[in-house]
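Chains as they are written, first to last, in UniProt numbering: chain Z, 1 to 379; chain D, 1 to 139.
Just so you know, these hints were derived from the structure itself, not from any lab.
Just so we're clear, the structure is a prediction, and the values are computed from it rather than from any experiment.
Do not take every clue at face value.
Where chain D lies over chain Z, by a calculated footprint (3+ residues, C-beta under 8 angstroms) [what the hints assert, rightly or not]:
| # | segment |
| --- | --- |
| 1 | 132-145 |
| 2 | 333-345 |
Across the chosen pairs, the derived CB separations fall in these ranges [as the list claims (entries may be wrong)]:
| # | chain 1 | residue 1 | chain 2 | residue 2 | range |
| --- | --- | --- | --- | --- | --- |
| 3 | D | Arg126 | Z | Pro50 | 37 to 47 angstroms |
| 4 | D | Val124 | Z | Ala117 | 44 to 54 angstroms |
| 5 | Z | Gly251 | D | Val124 | 51 to 61 angstroms |
| 6 | Z | Gly317 | D | Arg60 | 45 to 55 angstroms |
| 7 | D | Leu106 | Z | Arg77 | 32 to 42 angstroms |
| 8 | D | Gly75 | Z | Glu11 | 43 to 53 angstroms |
| 9 | D | Asp48 | Z | Gly371 | 53 to 63 angstroms |
| 10 | D | Gly64 | Z | Ala307 | 51 to 61 angstroms |
| 11 | Z | Asp341 | D | Thr52 | 53 to 63 angstroms |
| 12 | Z | Glu360 | D | Pro74 | 48 to 58 angstroms |
Note that the Cβ used here is the ideal one computed from N, Cα and C, for glycine as well.
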Amino acid sequence: MRALCWAGTDELAVREVPDPELRNAQDMIVRVRRSATCGADLALLGGRTPFLAVGDVLGHEFLGEVVEVGPEVRRHRPGDRVVVCAAVSCGACWFCRQGLFACCDNGSTGPAVTEAAWGQPTGGCYGHPGALGGFAGSHAEYVRVPYADVGAFRVPEPVSDDRAVFASDAAPTGWMGAELGGVGPGDVVAVWGAGAVGQLTAGAALLRGAERVIVVDRHDDRLRMVQRHVGAEPLNYRYVDVAAELRERSGGRGPDVCVEAVGAEAEAPGRWGGGADRPLALREAVHSCRKGGTVVVLGTWTGFVDAFPLGAVMNKGLSVRSSRQHGQRWIPMLLDRMARDELRTEHLATHRLPLERGTEGYALFRDRADGCVRAVFSP
Amino acid sequence: MALAVLAAGATAVRALVVPRRAGWPRAAGPDPRPGRWQVVTVAGRPEDVLPTGRWPEPLRRLDGAVELHARPAPGGRGTELAARPLRGEAALPGPAAHLVGDDLGLFLRERLRQVKQLAETGEVLRADRSPVDRPEAAG
């Protein structure tokens with residue numbers, strides 16, 4: 001089959017690779033119909049993640065059609081149209097049973113790696129073959145889906161592929177941002193980052209009854225999208241003092257919930273432990289948040305950050321929460337909302353390309369060129 | 001057989017009361033020193049994790065070389081399963097040493113994780129085969 005492979009730092013190539021195979025009884029094989037780029041891939045693309053090897057297939061946000069199921073798969077059969085959660089989780093360990101699917105004990109085949117890096121092993125993720133599980137990515141014609149009954153969900157008929165593909169990762173991540181923040185009616189919420197996750201966080205906050213939602217970014221085209229498609233207020237940090245502006249828009253208090261949906265800079269140097277990330281948006285979120293408020297770290301980070309404002313966290317009584325997304329908790333609900341037109345995501349797919357043009361799609365996405373929010377590939 | 005199960009009501013396994021101070025591990029985590037306890041928490045009761053007191057695969061081949069304990073985890077979180085070499089700092093004997101290799105702690109930890117996966121999911125999760133491992137892969 002054809003797949004988009006990592007070929008070295010800042011290099012990708014579409015190559016012929018062997019078809020995936022059933023490796024466990026709970027596996028199934030999915031023929032990919034849509035696979036989206038994600039900001040988390042940029043650290044991989046830049047060679048900033050240890051154990052990534054030349055030839056590894058990238059991509060973790062996808063939707064497709066079931067073509068083969070293992071003997072222990074009960075909920076799916078060939079022909080089903082499914083969206084697959086980006087997180088690989090067993091559904092049976094204590095963490096999964098608490099709804100903490102990204103913290104799964106059994107979702108990775110190489111738990112010693114993350115245990116060494118972070119102190120505990122975490123669940124797996126497609127397209128992070130070395131560090132997060134040993135699973136090939138979705139920028140390919142076919143993908144193997146472990147624990148298929150736990151991680152794959154049938155897509156309701158009225159929901160288009162272009163909408164449902166974001167139920168794999170961006171939409172549950174955004175929903176989780178609002179949930180971790182405890183967003184409720186009357187809240188003022190600020191979100192840093194107007195990418196897909198930031199926009200979907202803002203949308204989730206509004207669906208949960210937030211009074212005002214303000215999205216901070218530096219790209220006017222994305223901020224226009226926030227206004228038009230999400231109904232949130234744009235704030236371009238190139239033109240204004242963000243903290244002062246947020247204070248003014250929240251009665252002098254500061255936002256109740258501040259969500260950082262930016263993550264590590266893709267171009268920052270070093271692999272895990274080899275270089276510190278710079279949390280510019282996170283520092284601003286901590287500084288801006290009201291006393292006793294909640295800061296949610298939603299962006300993707302892999303290692304260390306410098307100059308984190310712990311003094312502000314402590315003296316202002318902030319709560320800081322974070323996670324990779326526990327998508328299995330929310331994907332059915334999000335698909336239902338998509339089917340009811342409450343949640344629309346297809347505008348995020350600003351560039352639809354065949355898989356053969358995957359290298360070009362990543363260049364657009366990485367450089368934010370041509371108004372690219374997400375490139376979505378169809379094999 | 002160094003198999004101890006601390007399970008109230010565990011009738012199907014041989015029970016041996018071991019006080020917490022008597023060497024029960026206080027902290028899990030990889031440690032290069034041989035002899036350290038390696039521990040995982042497995043969903044399920046001790047008698048489910050070690051049915052009829054039998055050593056679970058893939059630890060069975062280490063019977064006689066490794067000490068194994070199981071007891072209920074606090075808060076209803078399942079069973080704490082711990083293993084360490086019987087002879088502490090000494091190297092393992094014969095076939096066990098061959099199986100373990102150089103890093104005893106890592107080996108035991110991996111095997112405990114496999115026990116846990118089998119108990120919780122029914123299978124040991126396998127990685128995708130790397131394209132470069134397969135001769136048919138084309139560049």
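How the hints compare with the structure:
1. 132-145: It holds: at least three residues are needed, and the segment 132-145 of chain Z offers 5 whose Cβ sits within less than 8 angstroms of chain D.
2. 333-345: Violated: only 0 residues of the segment 333-345 of chain Z have a Cβ under 8 angstroms from chain D.
3. Arg126(D) <-> Pro50(Z): 37 to 47 angstroms: 21 angstroms, violated
4. Val124(D) <-> Ala117(Z): 44 to 54 angstroms: 22 angstroms, violated
5. Gly251(Z) <-> Val124(D): 51 to 61 angstroms: 56 angstroms, holds
6. Gly317(Z) <-> Arg60(D): 45 to 55 angstroms: 53 angstroms, holds
7. Leu106(D) <-> Arg77(Z): 32 to 42 angstroms: 40 angstroms, holds
8. Gly75(D) <-> Glu11(Z): 43 to 53 angstroms: Since the Cβ atoms of Gly75(D) and Glu11(Z) sit about 48 angstroms apart, the hinted range of 43 to 53 angstroms holds.
9. Asp48(D) <-> Gly371(Z): 53 to 63 angstroms: 56 angstroms, holds
10. Gly64(D) <-> Ala307(Z): 51 to 61 angstroms: 54 angstroms, holds
11. Asp341(Z) <-> Thr52(D): 53 to 63 angstroms: 56 angstroms, holds
12. Glu360(Z) <-> Pro74(D): 48 to 58 angstroms: Because 54 angstroms falls inside the window, the suggested range holds.
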